[in-house]
Each structure stands twice: as structure tokens, then as C-alpha cells.
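> Protein chains in written order, with the numbering used here: chain R, 26 to 469; chain L, 136 to 420; chain X, 35 to 358.
Among these hints, one or two may not hold up.
Claimed, not checked - When the alpha-carbon atoms are kept at most 27 Å apart in a straight line, the in silico BS3-like pairs for lysine-lysine are as follows:
no. : chain 1 : residue 1 : chain 2 : residue 2
1   : L       : Lys346    : R       : Lys119
2   : R       : Lys56     : L       : Lys352
3   : R       : Lys32     : X       : Lys245
4   : X       : Lys244    : R       : Lys32
5   : R       : Lys243    : R       : Lys220
6   : X       : Lys245    : L       : Lys351
7   : L       : Lys346    : R       : Lys76
8   : R       : Lys118    : L       : Lys322
9   : R       : Lys107    : L       : Lys352
10  : R       : Lys244    : R       : Lys29
11  : X       : Lys102    : R       : Lys419
12  : X       : Lys36     : R       : Lys258
13  : R       : Lys76     : L       : Lys309
14  : X       : Lys350    : R       : Lys419
15  : R       : Lys276    : X       : Lys350
16  : R       : Lys76     : L       : Lys351
17  : X       : Lys305    : R       : Lys29
18  : R       : Lys419    : L       : Lys322
19  : L       : Lys322    : R       : Lys468
20  : R       : Lys118    : L       : Lys309
21  : X       : Lys244    : R       : Lys42
22  : R       : Lys81     : R       : Lys42
23  : X       : Lys195    : R       : Lys390
24  : R       : Lys119    : X       : Lys305
25  : R       : Lys118    : L       : Lys351
26  : R       : Lys320    : X       : Lys36
27  : L       : Lys351    : R       : Lys119
28  : R       : Lys106    : L       : Lys351
29  : R       : Lys119    : L       : Lys252
30  : R       : Lys419    : L       : Lys309
31  : X       : Lys244    : R       : Lys390
Bear in mind the hints are in silico, worked out from the structure with no lab data behind them. Remember, it's a predicted structure, so these values are computed and weren't measured experimentally.
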Amino acid sequence: MVLKTFKIGGIHPAENKLSANASIQALAIPKTVYIPMAQHIGAPATPLIKKGDMVKVGQMIGKASGFVSANIHSSVSGKVKKIDQILDSSGYKKDVVVIDVEGDEWEETIDRSAELVKEITMSQDEIKTRIAESGIVGLGGATFPTHIKLSPPPGNSAEVLIINAVECEPYLTADHQIMLEKGEEIMIGVSILMKGIGVDKAIIGIENNKKDAIAYFKKLAKGYQGIEITPLKVQYPQGGEKQLIAATIGKEVPSGALPIAIGAVVNNVATAYAVYEAVQKNKPLFERIVTVTGKSVAKPCNLLVRGGTPVNDLIEAAGGLPEDTGKVISGGPMMGKAIVNLEVPSAKGTSGILIMQDTESAREKMDACIRCAKCVKVCPMGIEPYLLMSLSEKSMWEKSENCNVMDCIECGSCSFTCPSNRPLLDFIRLGKGTVGQIIRNRKS
Amino acid sequence: MILTLVFNTILVLSIIGVLAAVILAVAAKKFKVEEDPRIDDVEGSLPGANCGGCGFAGCRAFAEACVKEMELSNLFCPVGGNDCMGSVADILGLEAVKKAPQTAVVRCNGTCEHRPKTNNYDGSVSCAIASSLYAGDTGCAYGCLGCGDCVTACEFDAIHMNAETGLPEVDDEKCVACGACVTACPKTLIELRKKMPKDRKVYVSCRNMDKGAAAKKACSTACIGCTKCFKECPFEAITMEKNLAFIDADKCKLCRKCVSVCPTGAIVEENFPPRKVKKEEAPAL
Amino acid sequence: MKLLTVSPSPHIKGDESVKKIMYGVVLSLIPALIASTFFFGWQALMITAVSVTSCVLFEYLFQKIFLKGENTILDGSAIITGLLLAFNVPSSLPIWLVVLGALISIGVGKMSFGGLGQNLFNPVLVGRVFVLISYPVQMTSWTANSTVDAFSGATPLGLLKEGLKSGQSVSQLIPSLPSNLDLFYGSMTGSLGEISAMLLLLGGLYMLYKKIITWHIPVAVLGSMFVLQGILYLVNSELYINPLFHILSGGAMLGAIYMATDMVTSPMSPKGQLIYGTAIGIITICIRNFGAYPEGISFAILIMNGVVPLINNYVKPTRFGGKA
Numbered sequence: 026m027v028l029k030t031f032k033i034g035g036i037h038p039a040e041n042k043l044s045a046n047a048s049i050q051a052l053a054i055p056k057t058v059y060i061p062m063a064q065h066i067g068a069p070a071t072p073l074i075k076k077g078d079m080v081k082v083g084q085m086i087g088k089a090s091g092f093v094s095a096n097i098h099s100s101v102s103g104k105v106k107k108i109d110q111i112l113d114s115s116g117y118k119k120d121v122v123v124i125d126v127e128g129d130e131w132e133e134t135i136d137r138s139a140e141l142v143k144e145i146t147m148s149q150d151e152i153k154t155r156i157a158e159s160g161i162v163g164l165g166g167a168t169f170p171t172h173i174k175l176s177p178p179p180g181n182s183a184e185v186l187i188i189n190a191v192e193c194e195p196y197l198t199a200d201h202q203i204m205l206e207k208g209e210e211i212m213i214g215v216s217i218l219m220k221g222i223g224v225d226k227a228i229i230g231i232e233n234n235k236k237d238a239i240a241y242f243k244k245l246a247k248g249y250q251g252i253e254i255t256p257l258k259v260q261y262p263q264g265g266e267k268q269l270i271a272a273t274i275g276k277e278v279p280s281g282a283l284p285i286a287i288g289a290v291v292n293n294v295a296t297a298y299a300v301y302e303a304v305q306k307n308k309p310l311f312e313r314i315v316t317v318t319g320k321s322v323a324k325p326c327n328l329l330v331r332g333g334t335p336v337n338d339l340i341e342a343a344g345g346l347p348e349d350t351g352k353v354i355s356g357g358p359m360m361g362k363a364i365v366n367l368e369v370p371s372a373k374g375t376s377g378i379l380i381m382q383d384t385e386s387a388r389e390k391m392d393a394c395i396r397c398a399k400c401v402k403v404c405p406m407g408i409e410p411y412l413l414m415s416l417s418e419k420s421m422w423e424k425s426e427n428c429n430v431m432d433c434i435e436c437g438s439c440s441f442t443c444p445s446n447r448p449l450l451d452f453i454r455l456g457k458g459t460v461g462q463i464i465r466n467r468k469s
Numbered sequence: 136m137i138l139t140l141v142f143n144t145i146l147v148l149s150i151i152g153v154l155a156a157v158i159l160a161v162a163a164k165k166f167k168v169e170e171d172p173r174i175d176d177v178e179g180s181l182p183g184a185n186c187g188g189c190g191f192a193g194c195r196a197f198a199e200a201c202v203k204e205m206e207l208s209n210l211f212c213p214v215g216g217n218d219c220m221g222s223v224a225d226i227l228g229l230e231a232v233k234k235a236p237q238t239a240v241v242r243c244n245g246t247c248e249h250r251p252k253t254n255n256y257d258g259s260v261s262c263a264i265a266s267s268l269y270a271g272d273t274g275c276a277y278g279c280l281g282c283g284d285c286v287t288a289c290e291f292d293a294i295h296m297n298a299e300t301g302l303p304e305v306d307d308e309k310c311v312a313c314g315a316c317v318t319a320c321p322k323t324l325i326e327l328r329k330k331m332p333k334d335r336k337v338y339v340s341c342r343n344m345d346k347g348a349a350a351k352k353a354c355s356t357a358c359i360g361c362t363k364c365f366k367e368c369p370f371e372a373i374t375m376e377k378n379l380a381f382i383d384a385d386k387c388k389l390c391r392k393c394v395s396v397c398p399t400g401a402i403v404e405e406n407f408p409p410r411k412v413k414k415e416e417a418p419a420l
Numbered sequence: 035m036k037l038l039t040v041s042p043s044p045h046i047k048g049d050e051s052v053k054k055i056m057y058g059v060v061l062s063l064i065p066a067l068i069a070s071t072f073f074f075g076w077q078a079l080m081i082t083a084v085s086v087t088s089c090v091l092f093e094y095l096f097q098k099i100f101l102k103g104e105n106t107i108l109d110g111s112a113i114i115t116g117l118l119l120a121f122n123v124p125s126s127l128p129i130w131l132v133v134l135g136a137l138i139s140i141g142v143g144k145m146s147f148g149g150l151g152q153n154l155f156n157p158v159l160v161g162r163v164f165v166l167i168s169y170p171v172q173m174t175s176w177t178a179n180s181t182v183d184a185f186s187g188a189t190p191l192g193l194l195k196e197g198l199k200s201g202q203s204v205s206q207l208i209p210s211l212p213s214n215l216d217l218f219y220g221s222m223t224g225s226l227g228e229i230s231a232m233l234l235l236l237g238g239l240y241m242l243y244k245k246i247i248t249w250h251i252p253v254a255v256l257g258s259m260f261v262l263q264g265i266l267y268l269v270n271s272e273l274y275i276n277p278l279f280h281i282l283s284g285g286a287m288l289g290a291i292y293m294a295t296d297m298v299t300s301p302m303s304p305k306g307q308l309i310y311g312t313a314i315g316i317i318t319i320c321i322r323n324f325g326a327y328p329e330g331i332s333f334a335i336l337i338m339n340g341v342v343p344l345i346n347n348y349v350k351p352t353r354f355g356g357k358a
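Sequences are here, hints too, so could you generate the full structure?
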């Protein structure tokens with residue numbers, strides 16, 4: 026059988042799924058958590074508590090401020106030590122609520138039983154409200170508030186829900202593992218999302234390197250109406266929203282438009298699970314599955330982590346920081362972000378902690394471009410990375426805009442492939458940032 | 136035989152030459168662009184560096200603007216300075232605005248010694264790229280990234296990285312205050328300051344806006360916003376904003392009192408003769 | 035504690051490198067080199083060795099004296115230039131001409147543009163065409179291929195051209211020309227590397243497998259040659275020989291597989307590569323049939339090299355979501 030995939034570009038990095046089939050373990054609650062007020066794209070939440078307040082697990086401690094924003098809930102019970110500023114993964118100071126943990130006392134409204142609640146009793150509006158209240162954001166890494174995705178802008182209507190269960194980033198296995206362990210819950214979550222968006226069709230796209238998950242979900246899908254499982258050929262960056270849509274329904278999102286323009290809404294599989302918990306169990310989003318992995322890591326694992334736990338604690342649980350550590354990455358190796366220190370707290374968008382050896386993380390010396398056109402061949406957006414890099418180097422922003430620099434999804438396929446080790450994406454990102462600024466200035 | 140060949144060759148080439156000359160002459164007449172001859176004159180008196188320091192795309196564009204505006208209050212060539220603008224004014228019969236000459240200063244003193252590294256940057260050697268990625272490889276999110284975008288931007292070879300400190304240094308002799316480095320620096324560390332006699336300078340060499348303790352932790356020579364200099368200055372040349380002192384070069388009289396009171400050494404003096412060592416007080420008996 | 039390293043994503047790198055590509059090409063040329071040694075004797079190996087050595091030496095000298103850059107001879111590109119230059123000359127070429135060709139290839143064709151990746155024209159062909167135009171006698175005196183007795187002294191294309199010029203028809207010439215099968219195996223007279231179509235194809239397949247080249251350019255060059263010559267053949271088979279003869283003889287294979295696919299001087303987008311390849315094929319057939327030279331693929335490639343920037347500017351890859 027020919028598996029579906031997207032048509033333009035794509036690469037095959039070594040998968041290195043070291044933590045595959047490591048069952049999810051709950052990480053011990055740390056003594057102190059640092060819960061960032063900005064765990065999503067958009068405006069940071071406003072703290073609702075003050076120093077000295079007692080909080081419970083699941084209590085709302087930060088309120089969404091603005092249209093694109095999300096609520097923040099406490100992941101522990103205890104006393105608010107202070108509202109402070111600590112360095113985020115980029116080295117800038119950001120607001121965090123510091124809570125000293127005392128016991129593990131949950132809000133009474135949360136249903137902590139393991140019982141599966143199948144019946145969806147809420148109406149469409151109730152679902153949307155509950156998702157917004159629960160602070161659910163896209164857990165694939167982009168952390169876009171989910172409730173906004175559920176309400177298409179006027180003039181657009183959703184036709185199909187696409188669930189991203191691709192996990193095309195090497196090393197990461199969190200989504201794979203949650204699919205194996207929480208299959209029923211995910212299916213119910215998908216059904217809830219379908220009801221919330223008002224569509225009767227959903228497609229779950231799973232890459233063919235997760236054969237066990239595909240088989241399991243195909244079996245489960247028989248019990249749910251309108252949900253289709255689509256196995257996909259392994260190819261990076263299939264987890265990119267636009268690529269996933271192209272792979273599953275064969276339509277291309279026009280340049281500069283959102284998926285809703287062609288009637289598609291994409292959500293991550295872990296988000297679907299969070300939606301299940303929020304809607305059926307009244308449990309807001311304050312914990313998630315994080316893969317902790319790396320070639321030198323003693324015990325690569327998938328952990329259930331309370332939000333705000335310092336990265337250091339996660340690494341300790343995986344056997345401690347290896348001697349030869351060069352780089353620690355939040356997310357996967359292709360699109361993840363290298364973090365500046367290990368005190369950085371985990372957040373809603375932390376899908377993995379990847380510890381790279383210094384030998385594998387060091388960049389190699391850059392050579393001259395030999396115009397081999399491999400970057401052009403692998404670019405999933407059909408733009409010309411070699412050209413955009415040289416335009417950025419020469420500060421030719423206008424030409425850069427005409428060459429569609431804004432189409433770049435920053436997947437890194439070009440830099441990955443370049444035989445001359447040229448940092449193509451570094452410069453394209455610079456061009457994208459500058460051109461984006463020019464466009465915004467032009468509009469205002 | 137050979138004569139005819141030579142003759143033919145000469146004839147053909149001559150005809151081609153005459154034809155080309157006629158075409159060129161006609162084209163020159165027909166497509167001539169009428170232009171104010173003063174533009175050429177003005178351009179001739181400009182330095183011709185095409186640096187863009189005036190805000191125009193090259194000297195020609197600046198000359199066109201001068202002739203078009205017929206008013207020089209908003210036009211200034213920082214490279215040529217007052218002399219150059221004077222001759223432009225003479226050509227156009229206008230009044231030139233005199234501006235005090237300026238020079239660039241780098242307001243960061245975070246050497247490796249003062250400002251320990253907190254991580255290693257391994258991306259492209261470009262301040263713009265490093266700053267779009269994160270705060271930088273030290274604890275100070277405001278300081279110099281050391282990738283030398285200012286050096287690349289300078290058309291006059293007036294700014295160089297000091298390999299020992301990892302910071303850029305301005306060559307006052309060569310700096311023409313075109314402002315290219317000011318634009319290039321993503322941390323807005325570089326400022327154009329009025330030139331003082333003998334190139335003397337007193338300025339706050341820090342842009343850290345964090346509170347005192349945090350700033351001090353990141354860099355031992357950071358401005359901690361203690362306001363001592365603000366209180367000390369007899370000429371009200373110092374202003375405080377966001378935990379940061381700023382010395383207004385127009386008001387500063389180079390008395391250097393602020394330098395003496397600064398507890399962290401964030402205020403820098405340059406090109407002064409060495410201070411007289413205070414006479415040791417007679418030991419108390 | 036050791037400081038962490040921070041850099042922008044991506045944090046992993048594929049295993050492709052310039053060296054891998056370059057040495058892959060060198061490897062794929064080995065069978066053809068062995069064949070030419072077999073056909074032309076040690077003279078062939080001698081020329082190749084001189085050519086490679088002088089290319090590498092000139093690269094080193096130019097880099098050191100004029101560009102003042104890092105030593106680049108180990109990246110393998112000079113070795114390829116040397117190999118291909120040797121493949122493009124007759125085995126009887128005087129050694130000093132080989133050295134001169136190498137000097138022009140590396141000095142004028144490559145380093146004067148700023149070194150690897152900067153040159154507009156294929157350096158090998160710059161060197162070859164320079165020597166061909168300046169020293170036509172030496173460049174067209176062929177030694178006999180050890181397996182061919184009857185056809186020594188001229189290449190199949192040369193024989194054809196001369197024959198047609200003197201008023202003979204194709205059917206009259208056919209008996210004196212090598213058969214297509216001979217051409218395929220390499221029993222003919224010609225430059226070192228162009229004689230065995232079979233082994234060149236083998237090298238090409240290896241490069242395809244290693245993803246060093248894509249199919250676009252070779253297929254476009256050979257395809258357009260075949261189609262155009264096929265049309266001419268159908269129009270008048272007494273004036274124009276069968277298309278297979280053209281594809282298998284002369285430098286067509288070498289040109290299509292190795293010279294036209296040179297990464298630096300070929301277009302970036304697949305569509306552009308098809309246009310480029312097709313144009314090369316058409317120009318080659320035109321020169322061979324209607325031009326003064328019996329062989330024209332070198333000129334065709336050089337002409338199209340000059341058009342590559344234009345192609346890159348106007349022919350863009352298929353853009354995702356481009357047509358809504």
C-alpha cells in the first residue's frame with residue numbers, strides 16, 4: 026500500500042526514538058515549582074494570587090489577559106512564596122509564581138477517578154467555554170490557545186478536524202506513548218473537539234513508524250463515529266500543520282492563510298487528551314507528558330510532569346545529567362530550543378527535554394555554497410533557502426519578501442541537509458523577522 | 136589582392152564607426168535628461184562615501200534632496216561635517232545649519248572579566264541572529280553580544296573588536312558619526328555623542344535596566360541605578376531612567392565628579408591626562 | 035558546572051558533506067578511467083595523473099597567493115576538475131598542454147571567480163575549449179584505440195562530418211563507422227573519458243543512487259538530443275544519421291552525465307534543470323549537424339552555463355500553497 030504524505034520536499038533524519046515504549050511515569054512532585062505566567066503564544070496571564078496565599082492543585086492562579094492568551098492553573102498545592110522574575114529558556118526574565126509545595130491537595134471539583142467517561146453531555150458552547158477556562162493550548166509545541174482554534178473567524182467554516190499524531194521530530198515519544206496508554210480517552214477527546222468545532226469528520230494522522238499505535242487506533246475507531254485513522258509515510262516535517270493537512274486531505278493551505286481557509290482545524294493528539302480531561306473530568310491543564318532523552322542519558326523516559334517543575338528535576342529522574350552534555354534542548358532536535366540553564370521551569374509547551382552530547386551538538390565549520398540545490402529540493406514550502414540566506418546576508422529585504430521568505434515554517438530541513446554546513450535557517454529566520462517587521466510597519 | 140582586402144576592411148570598419156557615431160549623437164540629443172546642473176556641483180563637494188549616514192541612498196540622492204528642498208535645516212552630511220555643508224550652502228546660496236561634530240561610543244563595558252559567561256553561543260556569528268534567538272551568552276540581557284555587526288556595518292574602518300575584551304572599540308580619528316553602527320546594534324548600545332575638546336569623553340558605559348542587585352550580579356561594572364552620580368552632578372547633566380543613568384553631552388562639563396562617585400565604575404572617562412595622585416595626608420601623630 | 039551551548043535550531047545535521055559528494059563523483063569515474071587505460075594504454079593514466087596533480091597544485095597556489103584563503107585542495111573539487119579535464123582530451127595530447135589546460139581550468143575557470151561555488155562556467159570546459167581553440171591540431175589528433183584498427187585517426191563524429199562534407203550520404207558512410215554496439219562498449223576513437231558509454235552510464239547510476247545528481251539534467255540532455263536527431267533522421271535519413279549514434283558517440287554521455295550536471299554551474303530548480311538540459315541537447319545537435327565542429331556539447335554546455343543565472347531568476351521551484 027502506498028502511504029500518504031506531503032508532496033513537496035521533506036527529509037529523513039535518524040529517528041533515535043530511544044524512549045519508545047517506556048511507559049509513562051509520574052514525576053515526583055518537586056519541593057518548589059516556578060509556574061510561568063507565559064506558557065502560551067500571546068499575552069501572559071495576570072496573576073490572581075499574592076504572596077502568602079494557599080493554593081490547591083488545579084486552582085486558577087493566572088487569568089488570560091487579552092484575546093490570544095490562556096489561563097494558568099496551579100500544578101501543586103501549597104503556599105505562594107512570591108511572584109518573581111526568573112530567566113526563561115531564552116535568558117530573558119519572565120514572571121513566574123513560585124509555590125512551596127505542601128502535600129497534594131486537589132480542587133474538589135476535579136474527578137480524580139480512573140473511570141472512563143464516554144458520554145459527552147456538554148453542548149458545543151459549554152465545551153468551548155470549558156476548554157478556554159481550563160487553559161488548554163496546543164501541546165505540540167506551538168502552544169496556541171485551543172479555544173481560539175475552535176471558533177473559526179467569520180466567513181470561514183470548519184469541515185474537518187485533523188489530529189496531529191505524527192510526532193515527526195526525532196527522539197520524542199511522548200505522543201506515541203500517550204496514544205498507547207490513553208487511547209480511549211483520546212478518542213473521546215477527539216469526539217469532544219469535533220462537537221466543539223461542529224464537524225462530523227476527524228482524521229488522525231499517524232506516521233508509519235508507530236505501527237502499534239496505528240493498529241490500536243484502527244481498532245478503537247470502530248467504536249467512534251466519523252473518526253478516520255490515516256497512516257502516513259515517515260517524513261519530516263509532516264507534523265507541520267500545513268504539511269499534515271496536505272498529507273491527509275491533499276489540500277494546500279494558501280500562502281499566508283490559516284488552515285481554516287480550506288476548512289481544516291488541526292489539533293495535537295496530546296491536546297485531545299487534555300480536552301478529554303478538562304471536559305469529562307473537569308481537570309484543567311497543569312501537567313503533561315514530557316520525553317526526557319538523549320544518547321548519553323541513562324534512562325530515557327516519558328514522564329508525567331507538573332507544570333513549573335525545573336528541568337533539572339526531569340533530568341535527575343532520567344538518571345542525571347551525563348558528563349558529556351553539550352546542549353540541552355526543550356523540544357525536539359529539529360525545531361526545539363536550546364535552553365540557557367537547567368533551572369528553567371517546564372511549561373505547557375515542553376514536549377521533550379533532549380540532552381545532546383557535546384560532540385553531536387557542536388556545529389561544524391561552514392564551507393562555501395556549492396549550489397548543489399539540495400536545500401531547494403528538501404524545502405517543504407518550495408522556497409529557495411540558498412537564495413534567501415544570501416539575501417539576508419546582504420540585507421536585501423525587499424527581494425527577500427518577493428522570494429516568499431514569509432512562507433518559511435522554520436522546520437530546519439535546509440540547514441539539516443546542507444553538505445556545506447551552512448546555517449541557512451539562521452539567516453532565513455533573520456530575514457523572516459526583519460521582513461515581518463517591515464510588513465507590520467507598512468500596515469500601520 | 137591584399138590591398139583590396141585591407142581597403143575593404145578599412146571601409147567596412149569606417150562605415151560601422153560612422154553609423155555608430157550618428158546613432159550615439161542622435162540618442163544623446165533625443166534622450167537627454169534635463170537636470171539641475173547644481174546637483175553635480177553639490178555632489179562634487181560631498182565626500183562621496185555613499186555611506187547613507189545622511190538618511191539618503193548615497194551622495195547623489197542627498198545632493199538631489201539639497202537642490203530640491205532649497206532649505207538645509209533638515210539636511211546634514213555627518214561625514215563632511217560643517218565645512219562640507221558650508222560649501223553646499225555656498226553653491227545653493229543658502230544658510231547651512233552648523234552641527235557639533237559627533238563620534239560613536241559603545242555603552243557596554245562587559246568584558247569577560249566583568250561579565251562572566253553563562254552559556255556558549257554556537258550559532259552564526261551575527262549579533263542580529265544571536266539577539267533574535269535569546270538574551271545572550273552572559274547574565275546581562277542588555278550587553279554587547281560580541282559578534283561584531285557594528286564592525287561589519289562600518290564603511291570607514293572606524294570600529295574594531297578588541298580580542299581581549301570581546302568588545303568593539305571606536306577609532307575617534309576615523310569615526311565620521313554616520314550612524315551605521317547605531318542601526319546595526321540590536322542592543323542599541325552605540326550612541327552618537329557630541330565631540331568634546333581633545334576627544335575627551337565621560338559617559339555611562341552600560342545599558343542594563345535591571346534593578347541594582349540583578350544588574351550587579353550579571354556584570355560587576357553595571358550601572359546599578361544608585362543615583363549617586365545624579366546627585367553629585369553640579370550641572371544637572373545626568374538623568375535617571377529605568378535604573379540607568381544617562382549623561383547629556385550638551386550639559387556635561389567634563390568635571391568627572393560622577394566618575395569618582397560611581398561605585399561600580401560604570402561611568403567611563405576617556406582621553407584625560409592621568410589624574411593627579413592625591414597627596415598623601417600626613418600620618419596622624 | 036560546564037556551561038551549556040546555545041544555538042538556533044536545527045540541532046542535528048544530516049551526514050552529507052562536500053567531501054562525500056566530491057569523492058563520490060571521483061569514485062564513480064574510476065570504471066571509466068580503467069576503461070580508458072585499457073583502450074589507450076598507460077598514456078591515458080599518465081595524462082590523468084598530470085591533469086589531477088596540476089589542478090590540485092594550481093588550486094593550492096591560487097588559493098594561497100591570490101585569494102589568501104584557507105587551503106581547499108582537500109575538498110576534492112580540484113581532483114574532479116583534473117579527472118574530467120583529462121577525460122576531455124585525446125590521449126596523445128602533449129603533457130605541457132594538459133598543464134596549460136589545468137591552469138586555465140582552475141585559474142580562469144574557477145579561482146578568478148572566487149573559488150569553489152562562485153564560478154559561472156564549468157571550469158573543465160573552460161580549460162578544454164581554451165586548449166581546443168588555441169591548439170586545434172593537437173586537440174584533434176587521436177591515437178588509435180588499441181581495440182580499433184580500421185577507424186584510427188578520427189573520431190566517429192569527425193568521420194561522419196568529413197564524409198558528409200565531401201558529399202557522401204549516410205548510408206555510404208555507415209560501413210566505415212563503428213556500430214552503435216561498439217560505441218556503447220567503447221570501441222572507438224576519442225577523448226580519454228568519452229569512449230565507453232556503458233561505464234559512464236554506470237557511474238551516472240551510482241551518482242543517482244548516492245543522490246549526488248538528479249535524473250533531470252542527463253535525461254533532458256540525452257532525451258532532447260534523441261528527439262531532435264530523430265526528427266531530422268525521419269526527415270532525411272541520408273543527410274542525418276540515426277539518433278542513437280549521436281547519443282553514444284563523442285562527448286554526449288560524458289557531457290550529459292558529468293559536465294552538464296556540475297552543481298555549481300547548473301540551475302537550482304528541477305524545472306530549470308529540465309530547461310537547461312533540453313537546451314544543451316538542442317544546441318549540441320545543431321552544432322553537430324550544421325556547425326563547423328564535428329562535436330559541440332562543450333560549447334552547448336558553456337553557452338547554457340551563461341544562461342543559468344537567468345533561469346534561476348525566472349524558473350522557481352513549485353511553491354507550497356502557491357496556487358490557491
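> For each hint, tell me whether it holds in the structure or not.
Status of each hint after checking the structure:
1. Lys346(L) to Lys119(R): holds (14 Å)
2. Lys56(R) to Lys352(L): holds (26 Å)
3. Lys32(R) to Lys245(X): holds (18 Å)
4. Lys244(X) to Lys32(R): holds (21 Å)
5. Lys243(R) to Lys220(R): holds (21 Å)
6. Lys245(X) to Lys351(L): violated (55 Å)
7. Lys346(L) to Lys76(R): holds (20 Å)
8. Lys118(R) to Lys322(L): holds (16 Å)
9. Lys107(R) to Lys352(L): Given that 27 Å is the threshold and the Cα spacing comes to 20 Å, the pair holds.
10. Lys244(R) to Lys29(R): holds (20 Å)
11. Lys102(X) to Lys419(R): Measuring from Cα to Cα gives roughly 23 Å; hence the hint holds.
12. Lys36(X) to Lys258(R): violated (40 Å)
13. Lys76(R) to Lys309(L): violated (56 Å)
14. Lys350(X) to Lys419(R): holds (21 Å)
15. Lys276(R) to Lys350(X): holds (21 Å)
16. Lys76(R) to Lys351(L): Within the cut-off at roughly 26 Å; holds.
17. Lys305(X) to Lys29(R): holds (24 Å)
18. Lys419(R) to Lys322(L): Cα-Cα ~20 Å, so holds.
19. Lys322(L) to Lys468(R): The given pair, whose Cα atoms are some 25 Å apart, holds under the 27 Å limit.
20. Lys118(R) to Lys309(L): Violated, at about 38 Å.
21. Lys244(X) to Lys42(R): Distance ~26 Å between Lys244(X) and Lys42(R) Cα, so the pair holds.
22. Lys81(R) to Lys42(R): violated (36 Å)
23. Lys195(X) to Lys390(R): violated (52 Å)
24. Lys119(R) to Lys305(X): Violated. Lys119(R) to Lys305(X) sits at ~49 Å, over the 27 Å cutoff.
25. Lys118(R) to Lys351(L): holds (15 Å)
26. Lys320(R) to Lys36(X): holds (18 Å)
27. Lys351(L) to Lys119(R): Holds - the C-alpha atoms of Lys119(R) and Lys351(L) are around 19 Å apart, at most 27 Å.
28. Lys106(R) to Lys351(L): holds (24 Å)
29. Lys119(R) to Lys252(L): Holds, because 20 Å separates the two Cα atoms, which is no more than 27 Å.
30. Lys419(R) to Lys309(L): holds (24 Å)
31. Lys244(X) to Lys390(R): holds (23 Å)
Checked against the numbered hints listed earlier, the structure breaks hints 6, 12, 13, 20, 22, 23, 24; every other hint is satisfied.
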